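Could you build all of it, start to finish, from the sequences and the hints given here?
First to last, the protein sequences are chains A and B.
The numbering of the first sequence is the working numbering, which starts it at 1 and goes up by one.
The numbering of the second sequence is the working numbering, which starts it at 1 and goes up by one.
Don't take every hint at face value.
To be verified - Derived list of chain B stretches under chain A, where covered just means 3 residues or more per stretch with a C-beta under 8 Å from a C-beta of chain A: (1) 112-120; (2) 127-133.
Stated by the list, open to error - Just some of the chain A residues that point at chain B, by a computed CB distance under 7 Å: (3) L54; (4) R99; (5) H105.
For the record, the hints were derived by calculation from the structure and aren't laboratory data.
If you're wondering where the values come from, they're calculated on a predicted model, not measured in any experiment.
Yeah, the Cβ is synthetic: ideal placement off N, Cα and C, and Gly gets one too.
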Amino acid sequence: MSKEMIQVVDVHKSFGKLEVLKGINFSVNENEVVCILGASGSGKSTMLRCMNHLERITSGEIYIDGELADKRENDKDMIKISPEHAQELCMELGMVFQRFNLFPHLTALENVMKAPMLVKKVDEATALKDAEELLKSVGLYDKKDEYPSRLSGGQQQRVAIARALAMKPKIMLFDEPTSALDPELVGEVLEVMKDLAKKGMTMIVVTHEVGFAKEVGDRVIFMDGGVICEEGTPEDVIDHPKEERTKAFFSKIL
Amino acid sequence: MLNEVQIQAIIKGTGYTIIIAIVAVIIGTVCGMLVALGRISHNRILNKISWLYVWFFRGTPLLLQLFMIYYAMPLIIKDLTGHPFPINPLMACFVAFGLNSTAYMAEFFRAGIESIDKGQLEASKALGMSYNQAMFKIIIPQSYKRLLPSVGNEFIMLIKDTSLASTVAISDLLRTTKTMSSSSGNWIYYVYAACVYLLMTSIIQFGFDKLEKKVGAYE
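Okay, here's the thing in structure tokens:
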């Protein structure tokens, strides 16, 4: 029985009067790749952002690597976790954004080195070595001294993946990593992600790339209207959906 | 033409102008950043205090602020403590110009910081950085280029506003010029003064243009 890396229990999230997540339950095992699919506004990205506290949940519980990281009710914390400990737990999660969010005033290499040096107090030589290694692994070693503005979208996103990996996270969260890319650049980013999956990284991928979900995903979660509508193997959910809403969604996009 | 004594007087007057502007711009930059951080902070008390600060110092004349510090404050302190509290006019200028500049700089900084894409703070947080680390290492450095034009502008305004220092008995450039002109009956000194002001503001403008290009090299 493999270990549960993330467990989400009855999570609700409201923005003012608008309830975006209406009771989400799921868990992700170690080395598993879970793809979250669904229409825009179904709450997929919000779910992802709640896990590492970019958004605070309204109520529910989130466990990271077996530890309670968040427990809230009516927008109030129900457990006392120090901000430092919460930060530590969130650091087990690496995040890749739709719009890359690279630091434009730093080179590719500096982008990757910055957080380990600032947050983990890694010395510069080690950070440099790690960063060069990581840039090699995403195939961008030759671009290490370029500023993000000089890189294509695909290259920027690969640097962003390297930057997240530099913190040595146990789980990687991808928030529509290819949605802002030109079609011809999608492939190179998906390649890097496949590579990561092969190396055994635990991944949660919010995506519209059904092909990727089928090929790489161990499990697919289909969200609609703030709830998990259907969940299972890619074949079950994508090719043989049971729920009407899932059927309607995939018949439209496939 | 100018004789040696007059040249020395003009240089001395210019010196006052420069030193007041530089001290004020330094105070304004440092304190302005703190007030700006207060303005964007989620702490309601800090937020309110910094709002009040900007409201007062931007909303009243600089000359009034200078008079309050130079003329009113010694009287207030005397009334409260019973002891006379003489204040050096140059010191009063440093404080008044510095406090005033802080209010303007704070608003520039706030606008500069708020203009940086929210995704930058999110990415910093997602990488485990604290709010302060994200602010000082990621967000604020990106705002430099956007801030430079306003800071340069403020510096130029300060150079010119220092002429108000003549009202608290400081022989700055303008007061020196006025004295020379009225004692000799010659208007040409005002032209010299204008040239000196223009020279100073041109240097600042030139310097900030250069700086802007250098700081924004990554774009």
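Outcome of the hint check:
1. 112-120: holds (count 3)
2. 127-133: holds (count 5)
3. L54: At 6 Å from the nearest chain B Cβ, L54 of chain A passes the 7 Å test, so the hint holds.
4. R99: 6 Å, holds
5. H105: OK, holds: H105 of chain A within 7 Å of chain B, min 5 Å.
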